[in-house]
Structure formats: C-alpha cells, structure tokens
Amino acid sequence: MRKLLISTVAAAAVLAAGSAQAADKLKIGFMATLEGTYTVLGEDGQRGFQVAMKEAKAMAGGREIEVIVGSSDASPDSALRAARKLVEQDKVDIIIGPLSGSEGIAIRDYSKTQPQVTFINGISGAQETTYVTPSENFFRFNMDGAQWSAGLGKYVFEEKGYKTVATIGEDYSFIYTQVFGFALEFCGAGGQITERLWVPLGTKDFASIIASLPDDVDAIYLGLGGGDAVNFLNQYQQAGGDAKLIGGTIMIDGTVLSSKGKAKDALIGTPGSGPQADTWDNEKWQAFVKTYQDAFPPEKRFPSPSLLATGYYNAFNAMKTCMDKIGGELGDGHKALRQCLATLELDAPNGKIKLDSNRQAIGTNFVTEVVEENGNLVNKLVKIIPDVNQTLGIDPEVFKTVGLPSRDVPECKKY
Amino acid sequence: MKDFMARNPFWTLIIVLAVCFLIWAIFAPWPPGFVDTFGRKKIFLNALFNGVTLGALYFLVASGFTLIFGLMKNVNLAHGSLYLLGGYIGYDVANTTGWWLLSFIVVFVVVGAMGVLLQVLVFQRMEGQDLRQTLVTIGISIVVADLMLWYWGGDFYQILTPDWLSGPIQLPIVTAVKSSGEAVFLKYPFVRLVILVASIVIGFAMWLSLNKTRVGMLIRAGVDDRDMLSATGVRIQRVFVLVFAFGAGLAGVAGVVGGTFQSLAPGEDTRFLLASLVVVIVGGMGSIPGAALGALLIGLAEQFGSVYMPTYAVVLTFLIMVVVLAFRPQGLLGERR
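Chains as they are written, first to last, in our numbering: chain A, 1 to 415; chain B, 416 to 752.
Rather than coming from a laboratory, the hints here were simulated on the basis of the structure.
Mixed in with the good hints, there may be bad ones.
[Claimed, not checked] Computed footprint of chain A on chain B; a stretch qualifies when at least three of its residues, placed anywhere within it, have a C-beta under 8 Å from a C-beta of chain A:
| id | region |
| --- | --- |
| 1 | 574–580 |
| 2 | 670–682 |
| 3 | 719–727 |
[Claimed, not checked] Here are the computed lysine-lysine pairs in the BS3-like style, where the Cα-Cα straight-line distance is at most 25 Å:
| id | chain 1 | residue 1 | chain 2 | residue 2 |
| --- | --- | --- | --- | --- |
| 4 | B | 457 | A | 244 |
| 5 | A | 414 | A | 383 |
| 6 | A | 244 | B | 593 |
Note that beta-carbon positions come from the ideal geometry of N, C-alpha and C, so glycine has one too.
Start from the sequences and build out the full structure, keeping to the hints where you can.
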C-alpha cells in the first residue's frame with residue numbers, strides 16, 4: 001500500500017513536471033525609450049502595454065507571459081543593445097518594440113540575423129523600416145510618419161488657407177517621414193514650403209533657431225517631440241512668437257499636451273494629424289480610453305492614452321490574437337504565428353488595421369485640432385481618413401520616383 | 416593686462432580689432448553685402464545673445480564643479496544630479512508657494528546641505544583616493560537619478576516664470592531699417608537678460624570673495640597647496656565642507672535657472688555634467704575665470720553652430736575641446752603643474 005502511494009505520488013510529480021513543460025512561459029521582450037528625450041513617450045507606451053497585459057490576464061495562447069523590459073534612448077545603437085540583450089541573453093520568443101524611428105530601422109536589420117525571433121514593432125514610424133528591404137520576421141501594426149500626415153496638408157491648405165509654410169524638425173528618420181507625408185500633400189494641393197530647418201534630437205536651447213524662423217510665412221510646421229517640443233514651446237513664448245502653428249504627430253500628442261507648465265498653451269487651436277483623435281466618439285475607442293484611465297491612478301497617467309500607449313496596446317493584441325488562434329504553439333520557426341500575423345485584420349480601438357505585403361500597417365488616420373476641455377488640452381476630431389496605405393494612395397511606381405524621406409526630399413511639387 | 420600687451424602686441428591688436436568689429440556689428444545697421452553672407456542681423460544678434468546667456472547658465476553649473484575640483488582634487492561626477500535635484504525642488508517650491516525668487520533661496524540651502532552631507536559622509540572617508548571618489552560619485556549619480564525618476568517621474572517640468580519676467584522686451588539695438596525709414600528694434604526674452612545679469616553678478620561676487628576675503632584667501636591657498644595650508648594650522652576640513660556646500664548650492668540654483676528657460680527631465684543631469692566637464696576642460700581645471708571663459712565659448716559655439724551650420728552643431732563643442740587639449744592641455748586659463 002505504502003509503495004503504491006509513493007509510486008502514485010512520483011507519477012503525479014512526473015506528470016505535473018511534464019505539464020509544466022508543455023505550458024512553458026512565453027517570453028516577451030518589451031522595448032521602449034525609457035531614457036533620454038523620449039522618456040515620457042516610452043513610459044506611456046509601457047502603460048499601453050500593461051493595459052493590454054492586464055486585459056489578457058498575462059496569458060496568450062494558453063501560456064503564461066513573462067515580460068522582460070529593455071530600455072533605449074531613441075538612438076539606434078541603444079535600441080540594438082537592448083534587443084541584443086533580450087534575444088541573446090534572455091532568449092525571448094517575441095520582441096514588442098521599439099518606439100522611435102531610427103531605432104526601428106536598426107531593429108529591422110537586426111531581426112534579419114535572428115530568424116528564430118518574431119519582432120512586432122512598438123510604434124516606431126520611419127518609412128524605411130518596412131518600405132526598403134523589409135524583414136520577413138518584422139511586423140508593423142502602426143502606420144509610418146507619412147501615413148500619420150495623411151489629410152493634414154490638404155486641410156491646412158484648403159480650410160485654414162495657409163499657402164506658405166516653413167518647417168522645423170528633429171534631424172532623424174521619423175521626422176523626415178512626417179515632413180515627407182505633409183509636403184507631398186501640401187505641395188500637391190498647391191502650397192509652398194519655403195524653408196526646412198533641422199535641429200539635432202535632444203536640442204534644449206531653441207532660442208537662436210526661433211530667431212531664424214522666417215516672418216513671411218503663413219504658418220510654421222513643428223516636427224518635434226518629447227522634451228524638445230516642450231522646450232521649443234517654452235522659449236517660443238518667451239521670445240514673443242505668435243505665428244500660426246501646424247503640429248507634427250508627436251508634437252500635438254498627449255505627451256506634450258500633458259506636460260507641466262504653461263508652454264503647451266501655445267498649441268491651442270493648432271491643427272495636426274495622427275493615428276487617433278482623443279475626442280472620437282467611437283464606442284471601441286471610448287472603451288479603450290476608459291480601460292486606460294481605470295488601470296492607473298490619475299497622477300500616474302495622462303488624461304487620455306497617447307498614440308504610443310495605443311500603439312503598444314495594438315502590438316500586444318495582435319500578438320495575443322494570433323497566439324490564441326494557433327494555440328500557443330510557436331513550433332518550427334514561428335511559421336504559424338507569422339502566417340497569422342501577416343493575414344490578421346486587427347480590430348483596434350483606433351480603427352481596423354491590416355498589413356500589406358511588406359508587413360506594414362494600412363489603417364485609419366485622423367486630422368485633429370488642439371482644444372481645451374475640462375482644463376486639459378486634447379485633440380478634437382476634425383476628419384477621418386480611412387484606409388491609408390504606405391504609398392499614401394499614390395501609384396507605387398510614381399511613389400518610387402519621389403525618393404526616400406530625407407532633409408530635402410520630397411521636392412515641393414505635385415507628383 | 417599690461418604685461419600681456421607688452422608680451423603679445425600682435426595678439427593684442429587682433430583682440431582689439433575683433434572687439435571693435437563686434438561692437439560695430441551689434442550697433443550699426445548692416446550693409447546689404449554683409450546680410451548676404453551672414454544672414455539677417457536679427458539672427459546674428461539673437462545667436463550672440465543666446466550664446467552668452469547659455470554660457471551664463473553653464474558658468475553657474477561649472478563654477479561650483481571647478482571650485483570643488485581645484486580645492487579637493489575631487490572630480491565630483493554627481494554634480495549633474497545636484498543640478499537636476501535643484502531644478503525639481505525649485506519647481507515644487509515655486510509651484511506650491513507661487514514665489515519664483517523664494518525657490519532660489521530654498522534650493523540653495525537644501526542642495527547646499529546635500530553637498531555638506533556628501534562631503535562629510537562620503538568624501539571625508541576616502542580622502543586622497545581620487546579614483547575611488549570618482550567611482551563612488553558615478554554610483555551616487557546613478558542612484559540619485561533613479562530616486563528622482565521614482566519621485567518626480569519622467570515628465571517634463573518647466574518652472575513657471577513670474578508674469579513680470581515673461582515675454583520679450585525691446586532692446587535699443589536696431590536690427591533693420593524698413594523702407595519707410597522706420598527702425599526695427601531687437602526684441603529679446605526678458606528672462607534671459609535677467610539670467611545673464613544675475614550670472615555676471617554671481618561671478619563677480621565669487622571673484623571678489625575669492626580675492627578680497629579671508630575665506631577666499633584660504634581657498635586660494637588650498638588650491639595651490641593643500642598640505643602646506645593644513646600644516647599652517649588651518650582646519651582644512653571646514654574649508655572643504657564650505658566649498659562643497661557652496662558649489663552644490665550653486666549647481667542647485669543653476670537647476671532652477673535651467674528649469675525656467677529650458678526644461679527639467681531625466682537625463683538633464685548627465686547633459687549638464689558633460690557640459691560642465693567640457694567647460695572646465697576648455698577653461699582650465701580649478702580656475703573660476705577659466706570656467707567663465709570656457710562657458711562663454713561653449714555657449715556661443717552651440718548657438719552659432721545651431722544657426723549657421725546646424726548639421727555639425729553638436730560636433731563644434733567637442734571640436735573646441737579637442738583643439739584646446741591638443742594645443743593647451745591645461746586649459747585656456749589653467750596653470751601647468
């Protein structure tokens with residue numbers, strides 16, 4: 001009897017060990033800019049990720065999720081370092097990230113050398129990442145910077161009546177992509193971009209740049225984000241600047257609109273565009289906003305999720321949906337997971353998202369305007385632009401002749 | 416001054432000519448050919464003034480750094496953390512009381528007290544071990560940075576300028592003449608002018624107290640030969656604590672200034688540490704006039720660089736450092752030992 005009992009216990013123990021083996025933890029590497037100029041952006045991205053984790057009860061495809069956090073500072077080499085650590089030391093199965101444009105390009109290149117890992121972009125938005133030499137195992141469920149500009153150029157030209165514009169932006173791939181998208185549409189409609197100024201990412205003292213802004217333009221396009229945006233606005237007000245402004249996507253985002261101090265008030269009335277509008281009355285969007293608000297105490301979050309939170313939330317949910325569908329079995333080279341991701345139509349809070357043949361998102365874009373609401377600055381919905389693809393609805397062959405986004409591409413003309 | 420003129424008549428001439436040209440460039444309306452090469456006068460003047468005010472901020476941070484180094488031979492790599500801490504505390508004080516000026520006093524006292532604690536609890540225990548002190552200060556700066564991130568979060572803080580300081584004022588400098596013959600005057604942010612004047616006053620006061628008071632005499636003697644000074648019976652530890660408190664307090668005050676016309680966020684600590692290192696290397700370790708000159712040079716280089724050659728603006732600062740290290744490794748006003 002005693003012997004039987006012992007052997008039963010032993011058998012049970014073996015079984016238990018076996019089943020633990022089967023439901024092995026799913027290791028996910030989370031990457032965002034938790035240092036440097038884009039810290040606030042990275043933090044809200046992380047909040048979006050946490051909201052999704054909470055909704056999923058930290059499970060995907062029947063497997064418990066273990067998250068390992070990697071931090072970068074918006075520079076490609078810091079992102080590479082973080083990804084290397086996650087892949088080579090922590091042996092993660094999936095990476096969700098990175099956040100910033102040039103990081104995305106570096107991680108795409110890195111993903112080619114690590115075919116055993118699936119990469120789902122966090123929210124980085126440089127065009128090149130998926131447009132030039134895309135990687136088989138790199139998926140991007142957010143639109144790029146040019147897609148986020150869709151609708152803005154026409155809106156400011158036709159409705160606002162701005163005919164000449166000067167741009168100022170941070171000197172790196174994402175902002176090039178943003179200005180690219182804006183210029184294509186604005187110049188296509190007949191507008192003129194008289195001057196493009198570029199400042200290094202992480203510039204703190206904008207006073208001299210502000211002095212060199214031309215006075216004879218109708219409006220100034222601001223392609224800045226995070227700390228740079230706040231510094232610019234602060235010094236712009238001190239210098240008595242009163243030009244009309246146009247906001248790039250991360251310039252009019254919650255990350256800047258919720259900063260401490262008066263600097264952000266300069267943005268009231270500024271038109272902008274991006275993958276979401278805070279005041280959109282869509283049911284699914286409002287539900288997401290509420291989940292986000294309920295997940296954190298008010299002082300630990302923004303009044304409403306920023307596009308970074310939404311981006312990471314969507315990336316996680318794409319992963320979870322597919323993991324559930326394939327039953328959590330990653331198998332040989334993640335084939336089933338990648339097949340599912342490539343064909344997935346994600347029902348995201350900011351509109352339906354599907355991927356093109358480069359595994360780049362096609363989604364909905366929103367033209368917005370900054371307004372004050374209950375003491376907070378928010379983005380009011382102006383216009384919805386559905387089904388924006390990477391070539392912005394331009395014929396792919398013509399789109400190729402425009403060139404890749406850079407300091408002075410595209411030329412300001414109609415393509 | 417006279418010695419310098421007698422020894423270097425050629426350089427004196429060049430400096431005098433450069434100063435004359437600068438004065439002309441500031442006050443006279445520019446001829447058209449000049450505008451074509453240098454851009455509009457408004458841009459030039461703004462870059463010049465901004466460079467000087469930015470230099471003033473760098474001077475506030477770096478002068479404490481250089482003083483501590485000069486006296487204690489201790490490279491305090493936690494200096495940037497003191498800057499950021501000062502800024503955050505200043506924000507809280509200004510925000511709760513509504514008094515911008517009060518925040519300077521509170522920050523100077525609190526951050527100065529932090530400096531005393533650092534000196535008494537950390538540096539006195541490992542006196543004379545330069546490498547160990549340096550490594551410990553790196554450790555402290557990392558810990559403090561994380562503590563600040565935990566308490567204040569990663570948001571951007573910007574200290575509100577009081578109403579009487581915000582907005583631009585008109586300076587009696589003509590930037591252009593309209594076709595109607597009406598002169599256009601330069602508009603400049605008032606707060607930056609105040610910062611500039613305040614830094615000059617602080618720098619001058621430091622120079623006076625170093626050269627005309629007993630404590631200043633002790634400090635200068637300590638910089639020259641610490642061991643000999645303590646051998647004469649001076650309680651050198653007290654001087655150390657005093658200097659450390661003053662240097663730390665100054666860094667904190669600089670934090671409030673920086674938080675007012677720029678912004679505060681994680682990462683600013685290392686940025687200002689790096690800036691003050693560059694300033695001190697260019698100006699000469701341990702020299703207050705050196706810190707002033709270095710800060711001015713770096714501030715001007717950053718601003719002119721960002722306007723006239725934006726692509727290489729970042730390189731310019733380090734180029735200056737490289738040139739100085741190559742031709743005058745002790746720094747522009749440093750003394751070779």
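For the pair supplied as a hint, residue 457 of chain B and residue 244 of chain A, is the alpha-carbon distance within the 25 Å limit? holds, 21 Å
Going straight from one Cα to the other, do residue 414 of chain A and residue 383 of chain A come out at no more than 25 Å? holds, 23 Å
Coverage of the region 574–580 of chain B by chain A, judged on three or more residues with CB within 8 Å: holds (count 3)
Given coverage of the region 670–682 of chain B by chain A, checked by CB-CB distance under 8 Å (3 or more): Result for this restraint: holds, n = 6.
Cut-off 8 Å, C-beta pairs, minimum 3 residues; does the coverage of the region 719–727 of chain B by chain A stand? With 5 residues in contact (Cβ-Cβ under 8 Å with chain A), the coverage given for the region 719–727 of chain B holds.
Residue 244 of chain A and residue 593 of chain B: Cα distance at most 25 Å? holds, 24 Å
Of the numbered hints given earlier, the model fails none.
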